[in-house]
Amino acid sequence: MLPELSHEEIHRYSRHLLIPDVGLEGQRKLKAASVLVVGTGGLGSPVALYLAAAGIGRIGLVDYDVVDFTNLQRQIIHSESRLGDLKVESARDRLQDLNSEIQVDIYNEYLNSENAFEISAPYDIIVDGTDNFPSRYLVNDLCVLTGKPNVYGSIYRFDGQASVFNAEGGPCYRCLFPEPPPPGLVPSCAEGGVLGVLPGTIGSIQATETLKLILGIGEPLIGRLLLYDALDLSFQTVKLQKNPDCKICGENPQVTQLIDYEEFCGIPACDHTSEEWDITASELSARLKAGAPMRLIDVREPHELEISRLEGAELIPLGQFASRLSELDSAEEIVLICKSGTRSARALEILASAGFKKVKNLKGGVNAWAVKVDPSLPIY
Amino acid sequence: MPTLKIPTPLRPYTSGESTITLPGETVAEVLEALVERHPELKRHLLGDNGQLRPYVNLFLKEENVNQLQGLETPLTERDTLLIIPSIAGGKEHRRDHAP
Numbered sequence: 001m002l003p004e005l006s007h008e009e010i011h012r013y014s015r016h017l018l019i020p021d022v023g024l025e026g027q028r029k030l031k032a033a034s035v036l037v038v039g040t041g042g043l044g045s046p047v048a049l050y051l052a053a054a055g056i057g058r059i060g061l062v063d064y065d066v067v068d069f070t071n072l073q074r075q076i077i078h079s080e081s082r083l084g085d086l087k088v089e090s091a092r093d094r095l096q097d098l099n100s101e102i103q104v105d106i107y108n109e110y111l112n113s114e115n116a117f118e119i120s121a122p123y124d125i126i127v128d129g130t131d132n133f134p135s136r137y138l139v140n141d142l143c144v145l146t147g148k149p150n151v152y153g154s155i156y157r158f159d160g161q162a163s164v165f166n167a168e169g170g171p172c173y174r175c176l177f178p179e180p181p182p183p184g185l186v187p188s189c190a191e192g193g194v195l196g197v198l199p200g201t202i203g204s205i206q207a208t209e210t211l212k213l214i215l216g217i218g219e220p221l222i223g224r225l226l227l228y229d230a231l232d233l234s235f236q237t238v239k240l241q242k243n244p245d246c247k248i249c250g251e252n253p254q255v256t257q258l259i260d261y262e263e264f265c266g267i268p269a270c271d272h273t274s275e276e277w278d279i280t281a282s283e284l285s286a287r288l289k290a291g292a293p294m295r296l297i298d299v300r301e302p303h304e305l306e307i308s309r310l311e312g313a314e315l316i317p318l319g320q321f322a323s324r325l326s327e328l329d330s331a332e333e334i335v336l337i338c339k340s341g342t343r344s345a346r347a348l349e350i351l352a353s354a355g356f357k358k359v360k361n362l363k364g365g366v367n368a369w370a371v372k373v374d375p376s377l378p379i380y
Numbered sequence: 001m002p003t004l005k006i007p008t009p010l011r012p013y014t015s016g017e018s019t020i021t022l023p024g025e026t027v028a029e030v031l032e033a034l035v036e037r038h039p040e041l042k043r044h045l046l047g048d049n050g051q052l053r054p055y056v057n058l059f060l061k062e063e064n065v066n067q068l069q070g071l072e073t074p075l076t077e078r079d080t081l082l083i084i085p086s087i088a089g090g091k092e093h094r095r096d097h098a099p
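Going line by line, the protein sequences match chains A and B.
At position 151 of the first sequence (counting the first as 1) the number is 151 in the numbering used here, and the numbers step up by one without a gap.
At position 32 of the second sequence (counting the first as 1) the number is 32 in the numbering used here, and the numbers step up by one without a gap.
For reference, chain A alone in the conformation it holds in the complex:
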């Protein structure tokens, strides 16, 4: 039995009720529906806002993070007045301000194999608004094991992807990507950046697909992957097939329960992120002042050096690193620098594999340098 709509609700959702594909019955379906939004960041913001505005009866929000200043460029559910607050609380308050009729549940937790079944149990559909591979595989496997649709979206710089996985017998995320890339191979938005509006576009598509699934209308993005290129302004869809050998939804599934997704997504085979390879900003500053002959190599992209740079640092972008090794001498003491130490750790791995021993990674990157040594530099 679908819930009835009050007169106030009929008034509020008037523009939906006018569409024959939605109508009174459709709006009642939306009221009866429950959706779990995993992540209240770039994607989760527009997803949750539009689902709340559309009158989804029950929305769950999962996130463990707090609102950070750099989030505001794209995470439009949060605001300056909520900096430092829990994201789930900031998001819930915004949603309830938008629509006080709906139920919003919050989970200030990192979704993991231990809590995923319990958190997701009350919801019909799960929206993947996560930002890392372990969480994406977890959400996918959770959806397959519980038989729920996974409304997927992913973003990087100007590129977006969206699909509806594990619905109506269609393929799952693992059918397309059986394994994650090794850590560090694919740059993250924190390293590579993302256009602030991009998650708005992809998140709106995820919200649209969620509504279509609930209403049972149109052609959902099942068995199709949508590719959006904001620079070219092109939308393209490619066909996805169910993989009979898929480890979780194939004919002979090997994954029958949730696994350790951190492990599945790999720890660095050669862990040069350990402290022995690090040099702190203060140590580096002291050694440079003492006149130590050190070669500073900045592995960021050229345009990032306009934001901040260490005096005397030479540029070798990570993308060109392996082919420009001949410019470096293993007899020299080398310090690798990036924004916050992740890309320079990858460069260090390349150098270490090539036999370089006198290499250090500037811990925390140029941002740490700005905090500890040179406050005249901005942090980005």
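Hints may be right or wrong, so weigh each one.
Over 10 Å on every C-beta distance to chain A, these chain B residues come out as not near it, computed from the model [to be verified]: (1) Ala33; (2) Glu36; (3) His44; (4) Gln51; (5) Leu82.
Covered by chain B, per the in silico footprint, the following chain A stretches (three or more residues, Cβ under 8 Å) [as the list claims (entries may be wrong)]: (6) 4-13; (7) 165-179.
Under the rule of at most 20 Å between Cα atoms (straight-line distance), these lysine to any residue pairs were calculated in the SDA-like manner [to be verified]: (8) Lys242(A) to Lys5(B); (9) Lys239(A) to Gly24(B); (10) Lys5(B) to Ala230(A).
I should point out that these hints are in silico values taken from the structure, not numbers from a laboratory.
Even glycine gets a Cβ: it sits at the ideal position worked out from N, Cα and C.
Given the coordinates of chain A, assemble chain B onto it according to the supplied hints.
Just chain B now, with coordinates in the frame of chain A:
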């Protein structure tokens, strides 16, 4: 010659080029020409066994080449091959645990 469309995350390895026209009559030949021109792309696309990595997909006219003839799929002059990588978004540090 067939055209390859390079997604944003891989463009640092192609000096920023987004579409590249390369000689070759099969997917394998075009990929070979690609990694010859941009050697740093090789480890991103191909495993030690010379097969496509499991987190990279190639599509030709909406179809995954794995559903066609894999790396042996023939290409015509006018074909455009799409490289579709896994992208996860957001966090820099994998163990930051932030959705």
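Going down the list of hints, with the structure as the test:
With a least CB separation of 17 Å from chain A, alanine 33(B) remains clear of the 10 Å interface cut-off, as annotated. Its beta-carbon lying about 13 Å from the closest one in chain A, glutamate 36(B) satisfies the requirement of being farther than 10 Å from that chain. The claim that histidine 44(B) lies off the interface is violated: its Cβ sits roughly 6 Å from the closest Cβ of chain A, which falls inside the 10 Å cut-off. Distance check on glutamine 51(B): its Cβ is at least 12 Å (rounded) from any Cβ of chain A, clearing the 10 Å threshold; non-interface status holds.
A cut-off of 10 Å between C-beta atoms contradicts the statement that leucine 82(B) is not in contact with chain A; the least separation is 7 Å. Restraint check on the stretch 4-13 of chain A versus chain B: 0 residues with Cβ-Cβ distances below 8 Å, three needed, restraint violated. With 4 residues having a Cβ less than 8 Å from any Cβ of chain B, the stretch 165-179 of chain A passes the three-residue criterion, so the hint holds. Of the supplied pair hints, the one linking lysine 242(A) and lysine 5(B) is violated, its CA atoms being roughly 24 Å apart against a limit of 20 Å.
Proposed proximity of lysine 239(A) and glycine 24(B) is contradicted: the alpha carbons are some 24 Å apart, above 20 Å. At most 20 Å may separate the alpha-carbon atoms for a hinted pair to count; lysine 5(B) and alanine 230(A) meet this at roughly 15 Å.
When the structure is compared with the earlier hints, violations turn up for hints 3, 5, 6, 8 and 9 and for no others.
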